[in-house]
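Asks: Here's the letter readout for the chains.
Number of protein chains: 2
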Amino acid sequence: MALVVQKYGGSSVADATCIKRVAQRIVATKKAGNDVVVAVSAMGDTTDDLLNLAEQVSPLPPARELDMLLTSGERISMALLAMAIANLGQEAHSFTGSQAGVITNATHGKARIIDVTPGRIREALDQGRIAIVAGFQGISQGTKDITTLGRGGTDTTAVALAAALEADVCEIYTDVDGVFTADPRIVPTARKIPGISYEEMMEMAACGAKVLHLRCVEYARRFNMPIHVRSSFSTKEGTWVVSDPYSEGTEMEQPIVSGVAHDRSEAKITVVGVPDKIGEAAAIVRTLADAEINIDMIVQNVSAAATGRTDISFTIPATDSQTALGALKKIQDQVGFESLRYDDQIGKISLIGAGMRSHPGITAKFFAALAGVGVNIEMISTSEIRISVIVAEDGVDAAVAAAHKAFDLDADEVEAVVYGGTGR
Amino acid sequence: MALVVQKYGGSSVADATCIKRVAQRIVATKKAGNDVVVAVSAMGDTTDDLLNLAEQVSPLPPARELDMLLTSGERISMALLAMAIANLGQEAHSFTGSQAGVITNATHGKARIIDVTPGRIREALDQGRIAIVAGFQGISQGTKDITTLGRGGTDTTAVALAAALEADVCEIYTDVDGVFTADPRIVPTARKIPGISYEEMMEMAACGAKVLHLRCVEYARRFNMPIHVRSSFSTKEGTWVVSDPYSEGTEMEQPIVSGVAHDRSEAKITVVGVPDKIGEAAAIVRTLADAEINIDMIVQNVSAAATGRTDISFTIPATDSQTALGALKKIQDQVGFESLRYDDQIGKISLIGAGMRSHPGITAKFFAALAGVGVNIEMISTSEIRISVIVAEDGVDAAVAAAHKAFDLDADEVEAVVYGGTGR
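Top line first, the protein sequences correspond to chains S and D.
Mapping to the UniProt record's numbering: the first sequence position 154 is 154, numbers consecutive.
Mapping to the UniProt record's numbering: the second sequence position 167 is 167, numbers consecutive.
I should point out that these hints are in silico values taken from the structure, not numbers from a laboratory.
There could be a bad hint or two in this list.
If chains are identical, the list can't say which one is meant, so a pair holds when it fits in one copy or spans any two.
To be verified - Straight-line alpha carbon distances no greater than 30 Å define the calculated DSS-like cross-link-like pairs of lysine-lysine that follow:
hint	residue 1	residue 2
1	144	110
2	330	210
3	365	330
4	144	30
5	31	144
6	210	110
7	144	20
8	236	30
9	30	405
10	405	210
11	210	365
12	236	110
13	210	30
Go ahead and model the full structure; you've got the sequences and the hints to work with.
Replies: See the structure below:
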């Protein structure tokens, strides 16, 4: 008998019909002889509706109260799911994050899980029950306040519970069949990846692949918990995210490039004419850090000898642009730079593959593919298993398709893919 | 500095505008120099919406999960209320029933409060905060499951918190100006009662007066906690429910009759032709008790000497009629009664007044008033401070008005009253 943790997102439980279908799937897993724990998100648009209510009473609601408000969403979905399961003849109990022992720090809105003490969940399993746990939420260690985990929070809840319960697998149900070699909306010939390593998946998530969130994969890697990403609309095998998918004994051959990710959510800021003195770049980076803005890529041009000035370009989440520009203007006189240039019509293309470590020449082939479709590279950054470039936004689709083809990722046949979206 | 506990029902927080108005009232109370604790119900129709969702997934949802579901309603309203208060510049924290230390037994759907340990509430007050507490809910002592208190639950939460915190007063805000001598929709000349004793209020609540629930008044009496029932739409003094409103030093003179209550929610069942033997009535009553049906009034006719048979009539909540009739039919052969008669076109009129104890002749005057408007009395029951009669439903309005007039309760002027309704 295996212990299976399953996660269902908001689109999987959007209404009563969806909830009943998910209940059937859970009951089938239980009847197949498994112990089952389920982490569930709020129904469809619940979160948006609650945020809308909050806006009506306060322009800037306190984070503690916003968390209290939003966590009512999972309370509704998990109770309904437990009822639907009971209606199929299996006993199910629902548990809040607090009852499930999900202990977090006190950073409301994006709390981090620091411990999971699932005594009540284990007890429910011992009694033959299915345990339904509210995703996305926990309780802060010292202050015992309700917290939320931020985007992708329910994925993290599922993996953290699986790790604490020493589950055999954590199944993440979504509205696509798994992780693809590229976004099938851009590359119709994209293939489902049967297995991928934690490291590759983390790079994919960080580079714009939306199917799993970075924090959840980090958590899974730390506890070596296998994740099975699969569709809630079919019983097909999805994508296994594991420590070493290419180890001996498996049938998978390690590809050089596992996938091509893209991300249109960043913006580029160029600080023009920065005096080329020690400490000027540090002052700029410090200013952004103080404003709690994460810099993704950063490049500094070679200083022009005639002027003794240089340009510094970096990319940040486009949503932080106003904050970043405001903070930089405040230090213009102090740093002595000439002007700021802003561009949000950009996209990032990333090649990811553990095989890159042992294969030289990847970069050359990648750049040649982009040149072949007339796409100019504006910035470059690399890690051991990733190459990312910034290009103009109107070149993103062509660049992704070209790279996908160049590294032989195209499938012989186009698979049918259904798309939707879930935020938690 | 006083400690004030306030209760706001669902109609007082029906939407964002209502919540903001309630927030202003709370902040005004705080600014007047009081510590403030607020018990709040779910917004307007939330409970019905949630029940509707539950029905869609399961015809008979488990009580534990139904409680989990319904308690999300207060989680929403209390968080929004705390935000609205913060927006007015005061610090407020919201607390679930569990966080507020409302400990109940494990009877889901109608749990009883068995202890209140409001450590976190007291701490919040000590830090200068306003504490907003979810009404209607608690946590079960042994199993630590979320429970709900049933109808009028938020009133009970407020009084229980007030008692545990040794508050100076528990203010119950509603959509009428207080407790009236009769329902002003039937008797336009009804007066607001300035003060009433716990005992009288309990009789009023048990006899159909909807403004306060019986259990909340019982709780207040046990802890001698003054309740001030008042309108959330005005600043007028409402009705004080206290131990002795007519004690020396107060200006109130004890009336003989404090009020006339009525109740259309009961039905009458007559068991016809019961053999007049020892134990037959007991068997009937036992059957209903086993079906968890509360009998209100019961009368047994004098046995007809010729047949050796008698009729037994009783009243029960009309909603339990089908269950009661079914249970009785099952014992028809065993008891040997002839038939069942059912009538839900009835109403109960009750005169309530602590002054009845020392004034004879009340019953005669009451019955004369009813006879004067042609209303026939079908059943009678009395307590030390109450006389109740069952009449045909179409006589209820005339009977209430006649009794109200006979005992000089009519006001000189008609007060304007706004009506609405709240279930929790």
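Asks: None of the hints should be skipped; say for each whether it holds.
Replies: Hint check:
no. : hint      : in the structure
1   : 144 / 110 : both (16 Å within a copy, 27 Å between copies)
2   : 330 / 210 : neither (35 Å within a copy, 62 Å between copies)
3   : 365 / 330 : neither (43 Å within a copy, 86 Å between copies)
4   : 144 / 30  : between (33 Å within a copy, 25 Å between copies)
5   : 31 / 144  : between (37 Å within a copy, 28 Å between copies)
6   : 210 / 110 : within (18 Å within a copy, 45 Å between copies)
7   : 144 / 20  : between (33 Å within a copy, 27 Å between copies)
8   : 236 / 30  : within (18 Å within a copy, 60 Å between copies)
9   : 30 / 405  : neither (42 Å within a copy, 68 Å between copies)
10  : 405 / 210 : within (21 Å within a copy, 74 Å between copies)
11  : 210 / 365 : within (26 Å within a copy, 79 Å between copies)
12  : 236 / 110 : neither (33 Å within a copy, 45 Å between copies)
13  : 210 / 30  : within (29 Å within a copy, 47 Å between copies)
The structure is inconsistent with the numbered hints 2, 3, 9, 12, although it conforms to all the rest.
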